[in-house]
Amino acid sequence: MRPLSYRRAAEIGEAVATVSTEPTSAFLAGGTTEVDLVRLGVARHDLLVDINDLPLADIENLPGGGLRIGALARMNDVARAAQVVEMYPGIAQALLLGASEQLRNMATMGGNLCQRVRCAYFRDNVSPCNKREPGTGCSALDGQNRGHAILGTSEHCIATHPSDVAVALVAFDAVVHTIGPSGARIIPIENFYLLPGRTPHIEHPLEHGELIVAIEVPPLPVARGSLYLKFRDRQSYEFALVSVLSALLVQDGRITEVRLALGGVGTTPWRARRAEAQLVGAPATAGSFAAAAAAELDAAVLHEHNAFKQELAQRAIVRGLDQAMVSAVHGGAR
Amino acid sequence: MSSAIGSPIDRVDGPQKVTGAARYTAEIVLPHMTYAAVVAATVASGRVAVIDTGRARGAEGVLAILTHEDLPKLAEPHLLPSLAGAAAPGQSFFPMQKDVVHYAGQPVALVVADSHERAQYAASLVEVTYERAPSITTIDEGRDAAYEAERLFGGLLPARDERGDVDTAMAEAEVRVDVAYRFAANHHNAIEPAATTAVWDDGRLTIYDSTQGIRASQLTVAQLLGMPLSDVRVITHFVGGGFGSKAMVWPHVTLAALAARHVGRPVKLSLTRQQMFTSAGHREEQEQQLAIGATRDGRLTAMHHEKLSITSPFDDWAEPATGVSSQLYACPNYRGEHRLVRGNTMTPTFTRGPGEAVGVFVLETAMDELAHELGIDPLELRVRNHAAVDGHGNPWSSDGLEECLRHGAELFGWAGRNPVPRSRRDGDWLIGTGMAAAAYPVPLFMPTQRARARLYADGSAVVQAGTQEFGTGVLTAMTQVAADGLGLPLGSVRFEAGDTDLPNVSSAVGSAGAGMISAAVHAAATALRDQLVATAVADADSPLHGADPATIEVREGRITQREYPGVGETYGELMQRNRLADAEAPGSWTPPPLDTPHGLLTFGAQFAEVAVDPEIGLVRARRMVGVFAPGRVLNPKTARSQLVGGMLWGLGQALLEGNRMDPRHGRWGATSLGEYLVPVNADAPEVTVDFVELTDTVVNPLGVKGVGEIGQVGVAAAIGNAVFHATGRRVRELPMAAELVMD
Ligand SMILES: Cc1cc2nc3c(=O)[nH]c(=O)nc-3n(C[C@H](O)[C@H](O)[C@H](O)COP(=O)(O)OP(=O)(O)OC[C@H]3O[C@@H](n4cnc5c(N)ncnc54)[C@H](O)[C@@H]3O)c2cc1C
Ligand code: SF4
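Taken in sequence, the protein lines are chains A and B.
Under numbering that gives the first Met the number 0, the final residue of the first sequence carries the number 333; numbering is consecutive throughout.
Under numbering that gives the first Met the number 0, the final residue of the second sequence carries the number 742; numbering is consecutive throughout.
Chain B extracted, bound-state conformation (with noise of 0.2 Å):
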C-alpha cells in the first residue's frame, strides 16, 4: 500500500537550507524591529540590592531598561513537561517578579535598543549590587541535606518503583555487582541559540520562537500573561536543533513579550551562547548507584537503582532514570530510587535521552560487569534475561531487543571476541571492543493530535499540522505520511507546520513526534481520502459509482478498484465534475490510555569499538554499530541521520561532555564552546546504523517508536565497556578524562 512511506527521500528543506532561503528565528525581520539583551546574575543566591541602570539608559540607542521593579506581574508558572499539552515552563519560578536571586545567570534586568549590539553593549553598562546569600551548587555541598522525592519529571512520574523484596534478594544473590558512578553536568548546545522575536498588534500577540514545540510557548506565555489562547499565535519554521533545552518554555519568551509591548514595538530577544549555559536548563550533576545480584548462571534476581542529583531550589526535577532498568529484564526484585538535592540552579530539564541516557549508562555497565564476573558472553547474558513483559506483567506492545543485539553483533563482528581485557594492542594503542542493549520508553501522555488536510482540484494537495523542523526531517517525513493517505504522488503534496494557527499537535520532544504527528497526519490524509471515495461511489456519473468503498484503492491520486484497475478516475476529474474546487478534512488521533496493557520501550543495541592510549589516557572511538527497532521507519535517511547524531551525542557524553560547577562563585566553569568539549569531525569514527523493522499495532496507527533518543542511550556504556575491555579498567564516571584513564 504504502509508497512514499518507508523511502529515504531527500529533505524536502535541503535546498532551503543549504543556499540560506530558511529563516531562523534570530533571522526574522520585521519593520521598526528592537532588540532585547538580558542582564544575567553573577552571583548564585541572595537578591538584588541595587539596579544602577544610570550609564546604561545613557548609552546610544537605548529605548528601555525593565527590572524587577517594573516588570508587571505574572501568573504563577507551574512545572509540566510540555507534551502533556499544558503551559510548559520549565520551572516554577519566574524570574524578575521580585528581588530575589535563585541561580547565576538568573535574568535581573532586560535593556532594549535600537540593534542587537547596542542592547549588549548597554546590558554590560547595568550595574547590579547583589546581597549575597550562601549557595549549594554541588551535590558536595548539598549532599547532608538530600530528601527522597515523591514525585519527578514536573510531578508526573513517582520517584520510587518496588517490587518484591529486594533486601532478601540481594543478601541471598550468588553474585553481586555493586557499583557507583559519578556524572558531571551536561548541557545542550544546539547551534542555534534560543531567540524569541515578540509582536503586538492590537493587543494580540504574535512570537516567533526557537522552540521545539510552538503550541506549548502559546500556551506557556498565554498563561503567564493571563491572555486568551486565539490572541496568541506562534511561529517558527525552522529551529537550529534543540535536545530538550527548547522543549520547554523558558523565561526570556515571555521576557521577550512583555518587552515588546512595553516599547510598543517588536522586540527581538536573542540569548548569547554563554547564556545558553544558564537559561535553557541542562542535564544536572547526578551520582548513581546500582546493585545486582545474579545468580551463577547469570539470572537476575535483584536490583537496587538509586539516582542522587542536585535540582533547582523551588522544583522536585530530576530525570528518570529507572524507566528502563525496571524493566528490560526480567528480575523479580526490583527497587529504584530518587534522591534530590536543593541547589542554586535553574531547574534542570530534559536532555537528549532524559534519564536513560545516564540509567542505561549506569545498567549497562553493571551487566558488563556482571558478564565479566561470571564469564558469560555480555550480548548472551543481556539475551539471557531480557525480559518477555514489562514490570507490569504486560506483554511489549513490539520488541526486537534479541534481533537488533543479534544483527547487531552480525554487523560488528562480535563473535569469537576474545573477551579477556588488554588482549589486543596496535602500536600505542590498546583496542577494545564493547557492546550494550539500548531502550527508551514510548511516551503516551500527549492529548489529542491533530492535522488538516485539503485537496484541490487540479490535485495538488496542502497537508498541514503545527509543528516546527528542527532538523529531525518532520517536514520530510510528513510530507511522506501524507502522499501516501492521499493517494498522491509526493510531489503533488506539500506539508504545511510551524504556526499555531493551524491544527495543533504538541511539543516534539520524548521521540514522540513522529508517532503522534505522522498518526494526526495520517488521520486527515485518509479522512480526505475516504471522503472523495464516498463521493465517487455515490456519483452517478462515476465509474465508480455503487462500488464497496472497502474495494477501493487510491494510487497517484487515482481512483480505482482494486481489482479492475482499469476501471475508475482521478481526483480531479471526480472534483471538477461535482464542482468541487477543492475538499478539506480534518483528523485527530487520541493515544491509548495511559493503563494500555503493553510495556512500552523502544529497542536497540550498541557496539563500538575503540584505541585507548593507556600512558596518556586518550579514548578514540575507531567505529561504533548500532542496530534499532524503532517501529516503522518512515524515512530511513533522516532516520539514519537522527540516529547517527544520537549515537556521536553517546560519544561526546562518554569521553568529552561535562561541566562542573565552581561552588564558590556558583558559576558554571565553562561557558563556552572552548571549553564545554563536544565532539568534532575529527572524533567521530565510522557509524554504521541499521534497523530491525517491526509492527506496532499499539503506540499509533502507524506503528512508529521514534529515532530521537535511542540513538543516543546505551552508546556511553557500549564504550566505557570497550575501554574496560582494551584496559582492564572501568572507569565510573562521565566524562572518562584522560585523567580517569591513565594507567
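Isolated chain A, as found in the complex (with noise of 0.2 Å):
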C-alpha cells in the first residue's frame, strides 16, 4: 500500500483548511470505499483527514417538518431511527438492503453519497477507464457490463452509481448541505449527482475539500408509504441489479402524487420524471404503470451483457408501483 501520512481533525473549519490545502488528501469517514481504494492504488492520496470527531452525527427533526441527517450519522443508526423509519421508511430500507451489518455500522452517509463505482476496471488499476484515468478510454463500452448503467450513460462511461440510499434522497428532493472553502451552501441531490458526459472522472461538484455537514430531507407526506424494492443475484451484501423506490399518492382511483427513483441503472441515483409526469394523474392501475415504466426505460442505452436491464427494470418498476399501492392505501399517505 502507497505510504501515506493520516491526521484526526478536531474542527470543521480545521477539516477544510486541511484538504483543501493539500491538493492529494481526502476525507475519510467510515472508510469502507476510501481504504479499499487506497489499498487497490487506485485512491492516491497523500494525506487522509479523519472526520469521526466532528460532531457531525445527528439526526434531528427540523422545525417545518422534515430531517436533518448529519453527514458522519452511520448508515445502521439512520436506518434505525425511529423518525427516518415513520417519515421515510423508503430511506430505511435502502439503507438496511445495502452493504452488510458491519459495514452499516462503520459507513456514513456523507460517505455514502460520495462513494465511488464499483466498476471492475475502475478498480482493477490497469484497464483503460476514463473514470481513474481521464482519456485513456472505457473497457466496459465493449468488454463486461453485465453491471453497468443503461440511463444517463455516455460514450465516456457507463458505470452505474452503485448507491442505494441515495435513490431515495433523489426521489425525496433530499439536498446536501456543505461547507467549503468558499463558505457553506446547499445543493439540491439532483445537482449532486452529475451524468459522466465526457467528463466522467468528475462526479459530484463539490470543490476540493468541501465537506459534507448534513443531509436535509424536506417534509414529504407521500413519502410515509414509500418503499424501496432491490433486486440482486444473491439475496445480500451485494449492489442493486436494479432498485425501485416507490410511493405513492391515491385518490378516488387516481394517482395524485408519486415518487419513483431506479437504482443499478443508472450512471447516477436515478429520478424516473418520465415516468412520474405520466403517472401524475392517471389511473393507478397495472396499465398505467406499465406504461410509464415502458416510457422511463425508453431512453435506455443498452450494451451487450447488460441489455436485460432495460426490461428488468421495468418489471421493477411496476412491481414496486404495484406494492406501494398497498402502503398508499393501507399505511401511509393521507
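Calculated from the structure, these hints are not laboratory results.
Be a bit skeptical, because a hint or two may be false.
Said to hold, decoys possible - Between beta-carbon pairs, the in silico distance windows are:
#1 D69(B) / E132(A): 53 to 59 Å
#2 G40(A) / P592(B): 52 to 58 Å
#3 S235(A) / R22(B): 28 to 34 Å
#4 L410(B) / G280(A): 52 to 58 Å
Said to hold, decoys possible - Derived contacts from chain B toward chain A, CB cut-off under 8 Å, selection only:
#5 Y120
#6 V566
#7 H664
#8 G673
#9 E674
#10 V740
Positions of the beta carbon are idealized from the N, C-alpha and C atoms, including for glycine.
Join the two chains into one complex using the hints; note that each chain is given alone, in its own frame.
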C-alpha cells in the first residue's frame, strides 16, 4: 500500500482548511470506500483527514417538518432512527438492504453519497478507464458490462452509481449541506450527481476540500408510504441489479402524487421523471404503471451484457408501484 | 468394538480456533522476518521487454528485487496430481526463468522488504514494459484450434473412454436427449489466501506453507531446487480452506524459498486476494454436450459425453468429466471425450468435486430431461438405470445409491410430487422441486501411507501423521481412530500432525484424506496395541500370561480377556512392571492395486426446492436435502459440516459463481469477492444431511470413502431441475444468472 499520512481533525474549519490546502488529500469518514481504494492503488491520496471527531452525527427533526441527517451519521443508525422509519420508510429500507451489518456500522451518510463506482475496470488499476485516468478510454463499453448502467450513460463511461440510499434521497428531493473553502452552500441532491458526459472523473460539484455536513430531507407526506425494492443476484451483501423507490398518493383511483427512482441502472441515482410525469393524474392501474415504466426505459442505451436490464427495470418499476399501492392505501399517505 | 469412531465429538481444535490461538501460515512470527510481494504480469502473452526496478529499489525498507534475470534456474517441473506422492507443481511451467509471459498474473518479479505493506508498495513501483503477443483466453477465441487430448490430469487418465457402438445405438434409440451446456470458470476462494514462509538454516530449508499436503510441498520444492528431501521440512498446522487451490504446489512456494536464500533471512510471502485469482489454479471455462439414447420404458442404450475446455499453453489439463457418466448407469454403449483449447491462462486445477461437479450436472440434468420426456418419475428413472457393476463389469466396492435416493425422497417429501412444470406458486414466486443422483470416484493411486503411535507408561498416547488440518476435522477424526485402535479413552490421545518430520501421508485431496490417513493411523495404533498385548501374554507376571492374543481386547486402557473382563491389567501396570517408559509402533497402509476388481464410487442423492421469481429471474433455494453413503463415517458432526459446506458450494456453482475472461486484455473480469459472488448466509436455505452407512471392505481398513467432494456433486443439477420444474425453463449455463432465468 502507498505510504500516506493521516490526521484527525477536531473542528470542521480545520478539516476543510487542511484538505483544501493539500491537493492530494481527502476526508476519511467510515473508510469503507476510501481505504479499499487506497489499498487497491486507485485512490492515490497522500493525506487522509479523519473527520470522525466532528459533531456531525445527529439526526434531528426540522422545525418545519422534515429531517436533518448529519454527514457522519452511520447507515445503521439512520436506518433504525424512529423518525426515518416513520416518515421515510424508503430511506430506512434502502439503507438496510445495502452492504452488510458490519459495513453499515462504520459507513457514514456523507461517505455513502460520495462512494465510488464498482466497475471492475475502474478498480483493477490497470485497464483503460476514463474515470480513473481521463482520456484512456472506457473498457466497459465493449467489455464486461453486465453490472453497468443503461440510463444516463455516455460514450465515455457507463458505470452504475452504486448507492442505494441516494436513490431514496433523490426521490425525496433531499438537499446536501456543505461547508467548503468558499463557505457554506446547499446543493439539491439531483444536482449533486453529475452525468458522466465527457468528464466521468467528475462525479459531483464539490470543490476540493468541501465537506458535506448534513443531508436534509423535506417534509413529504407521500414518503410515508414509500418503499424500496432491491433485486440482486444474491440475497445480501451485494449491489442492485435494479432497485426501485416508489411512493404513491392515490385519490379515487387516480394518482395524485408519485415518487419513483431507480438504482442499479443509472450512472446517477436515477429519478424517473418521465415515468412520474406520466403517472400523475393517471388511473392507478397496472396498465398505467407499465406504460410509465416503458416510457422511462425508452431512453435506455444497451450494451452487450446489460441489455436485459431494460426489461428488468420495467418489471421492477411495475412491481414497486404495485406494492406501493398497498402502503399508499392502507398505511402510509393520507 | 469402536466407541470413539462414529461419535459426533466436538473438534479437538475448536477452542484454539475460536480463541485465535490457532496460528495460520501468514501469522507465523519469526525473528528477522522479511516479506515478499509478487509483481504479476498484466498482459496475457508476450515477453518482458524491460523491468525498471529503480523506483522500487529506492522505496523504504526494500531489501531485494528478483526478476528472471537473477532468479536461479530450477529443475523442470512435471505436472502430476499431489495424491500420487511425487513432486506436484501445479503446472509444468515455472515463471521467472525466462522473459516469456504466458498468462496474466504470472509472477515477473519479486520484491522483498522489511514489512508486508512496504513490499506491496514497492511491488507497485516496479515498472514492467511488455512486448505483447496475441492471446487466447476464451474457448470462443480458440475453438477452431481445439484438439482431442490423449491423456489428462497430469497424464494420469486417458481422455477418451469408450465401449460398445455408440453411433449405431444412438441412431436406433427410441428416445434421445441431446443438449449442450456452458460453464463459466470458477475460483476456489478459500478464506485464507495462500501464504508461505521460508527459513534457511545451515543449508537446510524449513517452509511454513498453507497447503493441503505438506509432503507435496516438500517434494516439490526439493525437486525444483535440487535438494535432498532430508534437507527440506514443511510445517503446516492450520489451513484456512483449500478446496483444491492448495492441492498442488504453486510457484510462490518455491519463490519464497529462493527469496529467503537470497536475502539470508526468513521470507514470508502472502498472496493477495486479487492474486489468488491467478496464482493457484481455477476450474476452467468449459462446454459439455451429452447425448442420451433410451428406450421408451426408460432404459439407457447409448451415451455420448463430450467436454471442451481451455487449458494453459503448456499442459493438457482438464478436470475429467466422465468418471461418473461412464459408470453410474448401466448403458452398453458409451463414449466420453475431452477436447482442449490451448489458451493464455495458468494451468487449471482441481476445484471441489473435480470434474464431476460439472460432469454430473450435465448427466443429471439430461436424466431429468429424459424423465420429463418419458413421463417417468426422475427418481425411478435413476433407480431403473443404476448399474450393478462398473464400466468394466466389476461389482461396486459398496453401493448405497438406491438407499440414498429413497431415504432422501422420504426426508424431502418427494412422493406425490406433481411433475407438471409451473404448477406451484407462492405470491411472486414459482416453486419447484428437483433431484439428482450424486457420485464421486474413490481414488486409490496414492503411495503407502504412514503413521506412528507412542504410548507412555502413564497411559497417555501421541499418534502422529504428517497431514494438516484445513478445516475438514481431520485432527478430531484421527484422534478418534487412534483412541479406538489403542483402546484408550479419547482424552488420553493426542493426534499430532503438520510436520514432514512426522511419518508421511499424501495430500488430502480427492476426498481421499480420511480414508488413507485413518488407514495409517489405525495400522499404527493397532500395531502398538498388539505389541503390548503380546508383551502381556508373554509376561509371567501378567494376569493375561499365556492367553491367546485373539481373545484379548483393550478398552479404556485396560487389557482384558474378552470372555472374562475381570481378568486383566492396564497398559500402565504392564509397562511399569516391564520398565517400559514408553512403547512405540509405526503403521502403514498400502492401497489396493489400481486394477482392483471393484467399482469405486461414492454415492449420494440431492434434493432441492427453489423459488423462482420469473419476472425478475431470481432463484432462491428454499431447502436442500442430501443423503450420502460415504462408507464409514468417522465423525458425523465434522462429516456433516463438510457435506453442508459442499452442498452450499453446489448452490453457489448453480446460481452465483462464475468468472469470465476479458479477451481484449486476457484478464479475469472478477478479481475480488465483491465481483466474484459466492453465497452468503442469507442465501443458505435449510440444509438437511443424512447418511446411509455402509460397510466397505475394499477401499481401506476402516471402509471410509470420504465426504469432501460428494456433498457438492449433483447439487447444481438438483437446483437446475427444480428451476425447470418451477418455470418450465431449462437453463443450460452456469451460473444461472437472472437474465437466463427470467421469462
Ligand atoms: C463490500 C461492500 C458492499 C457494499 N454494498 C453497498 C450496497 O449494497 N449499497 C450501498 O449503498 N453501498 C454499499 N457499499 C458502500 C458503502 O455504503 C460505502 O462504502 C459507505 O457508505 C461509504 O461511507 P464511509 O463513511 O465509509 O466513507 P469513506 O470511505 O470514509 O469515504 C468515501 C468517500 O467519501 C468522501 N467523504 C466521506 N465523508 C465525506 C464528507 N462528509 N464530505 C465530503 N466527502 C466525504 C471520502 O473522502 C471518500 O472519497 C458497500 C461497500 C462495501 C465495501
Ligand atoms: S464504465 Fe466508467 S468506470 Fe468503468 S471503465 Fe468505463 S470509464 Fe471506467
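Hint-by-hint comparison with the structure:
| no. | hint | result |
| --- | --- | --- |
| 1 | D69(B) / E132(A): 53 to 59 Å | 32 Å, violated |
| 2 | G40(A) / P592(B): 52 to 58 Å | 55 Å, holds |
| 3 | S235(A) / R22(B): 28 to 34 Å | 31 Å, holds |
| 4 | L410(B) / G280(A): 52 to 58 Å | 56 Å, holds |
| 5 | Y120 | 6 Å, holds |
| 6 | V566 | 62 Å, violated |
| 7 | H664 | 6 Å, holds |
| 8 | G673 | 7 Å, holds |
| 9 | E674 | 5 Å, holds |
| 10 | V740 | 10 Å, violated |
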